[in-house]
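Asks: One-letter residues, chain by chain:
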Amino acid sequence: MPELNFCILIGAVLFVSGVVCMATKRNAIGVLMGVELVLNAANLNFVAFARYTALGLDGQILSLFVIVLAAAEAAVALAIALNFYNNHLTIDVDRADDLHG
Amino acid sequence: MNDPIILLSAIIFAPAVGALILSVFNKEAEEGMRVFALITTVVTFVLTLMLWNIFDYQDPQMQLQVSVPWIKAWNINYQLGVDGISLPLVLLTSLISLLAMVASWSITKQVKGYLILFLLLETGMLGVFLALDFFLFYVFWEVMLLPMYFLIGIWGGPRKEYAAIKFFLYTLFGGVLMFIALLMFYFGSAGGEVGSTFDILRLQKIGQGLIPGVEFDGMTQMIAFWLLFVGFAIKVPTIPFHTWLPDAHVEAPTPISMILAGVLLKMGGYGILRIAFPICPQGAQAAAYVLVLIGAASIIYGAFAAMAQTDFKRLVAYSSVSHMGYVILGIAVWKVSDGSTVGSDYWNMGMNGAMFQMIGHGISSAGMFFMVGVIYDRVHHRDLNKFGGLMGLMPLYSGLAVGIFFAGLGLPGLCGFWGEAFTVLSAWNYSPILAIIAAAGVILTAGYILWTIQRVYLGPEYKGPHPEAITPINMREFSVALTLLIFAIAFGIYPESVFGMMRESTTLLVTNLSNTVNSGLEFAGNIIQ
Amino acid sequence: MEPDQLKNWLSLLLTIAWLLPLGGFALEIFAGFWSTRLKKTAAYIAVGCIGAGFVCSLTALCSWGMHTGYWAEHDYLTKFFQETPLGGDHAPADGHAADGHHGSEHDAHHDEHSAHGAEHGAHGHEHDESKYPTVFAGRYYQLAEFGSLQLEIGYYIDSLTLVMFTMVTLIATCIHVFAIGYMSDELTEDYVDHFVHVGEGHLHRPGRFYRFFAFLSLFSFSMLGLVIAGNVFMVFIFWELVGICSYLLIGFYTERKSASTAANKAFIVNRVGDFGFLIGLMILWTSFGTFAFSEPSAEKAAENPGLFQMLRDDHGQMTVEIADDGSHQVVLTGPEGTHKTIPYYLLVAAGIGIFCGCVGKSAQFPLQTWLPDAMEGPTPVSALVHSATMVAAGVYLVGRFYPMFTPEVLVTIAYIGAITLFMAATIAVVATDIKRVLAYSTISQLGYMMLSLGVGGWVAGLLHLITHAFFKSLMFLCSGSVIHGCHHEQEMPKMGGLRKKMPITAYTMLIGVIAITGLAIPGTYFGFQFAMSGYHSKDAIVATSLAYWGLNDQHVLLFILPLAGAGITAFYMFRLWFYTFAGEPRDQHIHDHAHESPAVMWVPLVILSFFAIFCAYDGEQGPLWGLLVHSEPAGMDHGFDPAAPGQIAVPGHHHVHEKMSGDATVHDVAGRYALAVAIAGAILAYLFYGARLLNPADVRRQVAGLHEFLVEKWRFDELYDAMFVKPVHVISGWIAALDRVVIDGFLHGTSKAAVDVSTWDRRFDEQVIDGLVNWVGDRTFRVGRSLRFVQTGRLRQYVMFIAGGLFGVLMLVYILTL
Amino acid sequence: MNIETLFNYLKSDLSTSLPAFSPELTICATILALLFARLFNVDRRGSLISPAGITLTGIGVAFVLSVVQLGKFTDSGSDQGSGMFTGLLLFDGFTAFFRVFLLVSIILIVWLTQLSGIPDREDGPDFFILLLGSTLGMMLMASANHMLMLFLAIEMTSVPSYVMVGFLKGRKTASEAALKYVVYGGGAAGVMLYGISLLAGLLGTAHLPEMAAQLAKIANDPALMSGPTLTTLAIAVVMILVGIAFKLSLFPFHFWCPDAFEGASAEVAGFLSVASKAGAFALLVRFCLAMVGEFTEIHATPAAMKQFNLQIGVVLGFVAAITATFGNLAAYSQTNMKRLLAYSTIAHAGYMLMAVSAMMIFLSLGDSNGAKRAIEGLLYYLMVYLVMNLGAFGIVALIRNEIFSEQIADYAQLAKSSPMLAVGMLICLFSLVGIPPTGGFVGKFMIFAAMFDAAEYQPIMYAVFVVGVLNTVFSLFYYLNVLRVMWIVPADESARTAEVPLASRSGAFVAVLSIAVIVTGTIFVAPVQQIAEQVTRLVSS
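Protein sequence lines, in the order shown, are assigned to chains A, B, C and D. Per the numbering used here, residue 1 is the first one in the first sequence, and the count goes up by one each step. Per the numbering used here, residue 102 is the first one in the second sequence, and the count goes up by one each step. Per the numbering used here, residue 631 is the first one in the third sequence, and the count goes up by one each step. Per the numbering used here, residue 1449 is the first one in the fourth sequence, and the count goes up by one each step.
Extracted from the complex, chain A is given alone in its bound form (with noise of 0.2 Å):
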């Protein structure tokens, strides 16, 4: 089934390309991201192994969930990034270094 492979790829490579975006940003947003990229890179993949593999409709149900989860994630993430903002006047977050050791 080389359309799966196919798909699992571009999944893998949204995989690594979320982490490194997540490990690289320094931009608070930046790294929001990188998670989103991670997430979708999943979600790629269950619609993939839906329309390829028996997990069928459950994968595609699957991937409407975490649309969801991922958006209801975001507004926390959002919400606390700008508290941060509030708090340190910059969404860099190499300043967030108060905490450590």
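Going by beta-carbon spacing under 8 Å, a handful of chain C positions derived as facing chain B:
#, residue
1, 773
2, 881
3, 887
4, 904
5, 915
It should be emphasised that the hints constitute simulated quantities derived from the structure, not laboratory data. Just so it is clear, the structure is predicted and the values come from calculations on it, not from any experiment. Ideal placement from N, C-alpha and C gives every residue a C-beta, glycine not left out.
Starting from the known structure of chain A, fit chains B, C and D onto it as the hints suggest.
Replies: Below, chains B, C and D alone, put in the same frame as chain A:
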């Protein structure tokens, strides 16, 4: 009261109940709390005397056994009992606790907390000696850590924190090793109609190969034995696990030093006698030589170390290391040749000697620490080179102190002698060389004790600070010292009073263990080869 | 009286005699804390206790004699009044010297009872047993029991015990009485100790009169316990107790550094010996399984034989086998006639070990150094503890334990004794402190006793123990009297001429001196032999050693040294007497203030001098000798043939009485030599110090003078000085130096080494063991701290760690799957 | 499949599912009530109805319902679990137990917040809504039977907790902590989701029981059970575990924990460390059991599958050992009490994970009794952990209210001024070390016993066991250090003192938890253990 479960539980928990009641006392009512705590220890002592009263000297088996399920799923029982090995130690514990409580009048800081912890400590100690379930034993064993830590840590000397944590760490480490052995036994004892068990008596039977279908094989026994031994040896302490002791002693307040030396150290010896040897006879047999070596080395090492000390209390602490070496020596002189025990009577003698040494040392070391405490309370230093002339200044105190130090020296007619003499005499049968090494201890012991006496009590004048504070001992101190001295003399003159109590039990133990090897069980030594 | 009754009676009496001083001790100690510290109450209690003890002991001795029929057989009283002319050379050739005229009778008994197959114990007297037992053993209470092993506090009563009891209590009584006077300056609230300087003046302290007597009583109790002990372990117990009493008494003046140091030294050096003792005990305990000496009752002996019975048969012989590997094995007879074997060397080691204890206690070479220092104690202590009783305990134990010693051990004992006696005697020659001379003399005399026991002179050695106890305690008390009279001056060069000031002391002392030097008038006049106790005992010793030499050619020194020692003894003892009492005073101040002691002090002197003269009355025919022979180990009368593996013979009585040259027996020959040497020594001393004719100092002063050649005597003086005095001085100086530098040096070195080791030990403890623990703790802590830095607080890093962690876990899975 | 069939299908078990789901529904209702309260301003000052009151009422009802449900399970003994909502959730004794457990912990938390006053009247409803929402997620975790629910539950738990960590507005550290938590949590969730997608794709299903069956099928086929399939399987499982490990704060996925704990208030930290952990463990056990398949089929399990499960067990064991050691060592040099407790939490997660590891090893070898003991140990430990850890955090909160500091150094001589708190702290910390006679000891004993027993099958686990046991000694240092400061170290003159008497509401809170710690180690060991045992029996039946 003659119902064993009530009596034994009362003995163990009377101090704890006392502590509970103390916690509602008003903080300011110090004298009242002291008196109450004293009454608690007296009641405990009387209870142990009642136990003594109904104890049958002729019965070697465990007496007054009680067993109430505690955690059924794990087959853990609240199992208590007393035999000739534990009874003397129980009596010693309640006696020393009582005396230490009298000695505690000198504690003036946070009296309430002190008394509560003290009483909790007593509960732990009595529990250890009365428990017959290994799990319960372990619980009591560890329970003592907490009060001890704080008793040293809060009421101790300048380096109290270091000493307290050192004590705690060492003992906890030993406890962890014991814990591993505990699990080994528990899972190893599966099978048979009872299944896995913590019942010490049953574990002993299994270890001795008396229960068909279950056994601890040689390897298990060796590993378990060493785990247990190190755990107990830390408490005893023997070299090289002894360094917590001098620190703990030096920093601990006087009554706690008395308890520590008088009772706590004995728990190590008791553990070896009650658990390590009977449950792992093959492991014990394989390790006997090392044990005897450790015992002999401790004797010499402790004595040398004592000689070099300038701190009075540290000297006494090291003397404990030396004296407890005899305990290990006496317990371990189990000679086996061609697969059978040789001279089990001598081993029996060694065991008895070790037991006696524990009792005798309990009396004499508690006394020595008390005597150090008495003078420390007055002049607030312990530098041996800054004493002298106390014989003239405090004749009564000095007389009693010299008497007690002679007990520590192992003078015949005092309690320190029999343990040393009997363990050493029994050791020749095991190993002449080690026996000679151990016997050399008598010279060194005489050396450091006499030198100490000379530096502290003799001489023309007191050379240290606070000469004005030297006042004759008061009635309270006198009564503690005199009681200890009287016991030292009584045990010294009539050792049978102690031997009679424990003879049947130790004989049974020796017979059982000898049979283990004699019966041709797979001998642990084979595994080494 | 039935035997059982007698046994109970005797044990009751001796127990009372034994325990009374203990009760006294308790009373006196408490008395001191009550109101009587300024009264003599404590002393009266002590004297009462020990005096009553003496009465009990004497009663016991008499009862024993009467009821066992001993007095009837040996009718000394009748013999005394018959005034039979007796010489020193009548001993029957059959070797039963002790049995005297009744020897043949005895033999008849002996044979008869042997024929009846009576059981024989290990002791020579056992032949009386079937008629009437003379040895009693029993137990007071059990100390401990382990299976077949039993330890108990018991008693063992034979004639030796009784004699020792009587002697100890008698001497102790005298010394207690003496001490009432001697210690009376302690009866004050403000005692000034002139030997201790505190700040600007002397030390002032309350008197401790009661304490002294308490310690004396405790000592008496311990000593009697040692004597009555029924087993060797009990001996060990009381051995330690007398040691500690000695410690307390030497250190009586606790404020004096020298006293407390001497006390420590005494106890520790003794402990060195006891270390050997303990090893001996270990061997015996492990090999024999018992500590009891011997079980007199045949039935009991079959069940629980004593040590002696296990090792030796009725005739004192032990069975030695040669094992397959060529080693020697001793066969022991266990309970119910069972046999087992132990290596011979173990027995030798055990013997040497036990003897080590005796070496320490009796201040033998090389452990003699503590005794002179022990003179720091008050003089009555020196008299009682350090001359008459405690130091003799070593000898007593060798005697008591004699059957356990193999000939190899005995020869060791003999050599140790010989070396000691000679060395100590030479040192005594140069000592100037009056008590030190006596101390060295004591060591020397103890050496004689050891030698005697070692060469097989069992009775002679123990006889000397008794006689020495009397005359030496006498001399010590005399010296005490002198010291008391001269206000605590002990240096002889400051004395002289005291004879006139303190005549009783002087002449009682002279009796002691004559007794110790063994001067006597040969032959018998008016039925008396003009010889004091020391003559008899020393004579017997020298005779035995001569006999020993006769049997063992190579051991010539064992004869030469005691002989020489006899001469030196005479020299230094008379030197002491002359120095102190004769001639003109050297220090007028001291002389002027000197005074005779009060009656409470001189009466004991008189009593003791009576015994110093008469206690060994009639020598080998006398009652004391007879009593001792009664306890002699089996086989001693015949001696022992050379046996494996040492091939050493031990002479019996008959060897001593064999003809040697002409009509003279070995005994006669030795006696003549000894007497001659002693007289020589005495004369020499007189010339130097009594008549002060030969004063080396004078000679030196006049070397350049013309009259020198005119006064030939002085040349002799110089010659003697060069030939004898100087070498003796030099040698004794060397030996003293040896003592001081080498042996003391060794001891100091050892103790220094011990201190070094202990310091090292401590360092090891603190640095290595603690260090290790601390290091581990520190490391863990550091690791913990460094782990902190992983937690950087950087979010991006954290996220990276998710990826890294994922990778890491996958690697872990991969590794674990491999 | 058309909508109607689906609808009927749903309807078919709705009548059974809804009653079974009643506690969660109650919580939902409570959340709604709180929202409405906010809306209608009933929570304002002076009102009779306080948010806490509403919350407690709701929790109380849910608690009663859960207890009744649990009671039914335990009474009937071998009650078979049943699916809820077409098998998305599982309703069995395990579920019921964790509901009760979580509700108890949330009751305690609410009690504590009422004492310490962290949510003021102003934002009380918000706080409690978040709290309840998070709890709802945890309850779902315990009953999740489908990958979807698994992920959903985790997110439901996490999202409110992100907010709670940052709840203290205007505090730099709080906002920082929340940011870190959310980013880290999001990342971990992403990884987990990716893993779920792979696994679901591989097995063709996301329903846990079916996944187990599929897995067994694959495992039976040697051709499939090799190479890429196995690798994918391993990667997928590990990725899912990473998500769970994040919730459990296992090394090396623990980084959020100290920072979040320090930034958050002690109450929230306590909640995260106790309740969230319990839920995550429930989930982990569920997941692991699913991997193994039905207990009854163990003997039919193919060897390769056994090997795979064994491998999971061993990996978990190693992770557990490393986590415990790391947590304990890193705690050494902490100066902030919450941070110290965070590391302590990490270490304890390590201990508890050992039980799961042991369980896997037992299961892979078909020893269901051993596995039961392991779960039993875990449950016991969780119960004890609830009281002792919450006790410690609670005391930290109470002290903070008195002295306005969470620095350990500022605790000097608290024993004198406030013996109540000091004794409570002492008992809780000793229990955390695992010293008798506290519940912590019994819990440790049970877990170590299980581990020891498991090591008999897999000797390498002896190493894990020994490390675990030694960790007890390591941990002593830093716990004792706190006590040392409280009891021994002399206080500065200027130091503020706390005075919390026994006879106060705070005192009662501390006393209840301390006594609970003691009795679970002494006289109530057997009852508590029986609960754990019964629950275990239910889960395994």
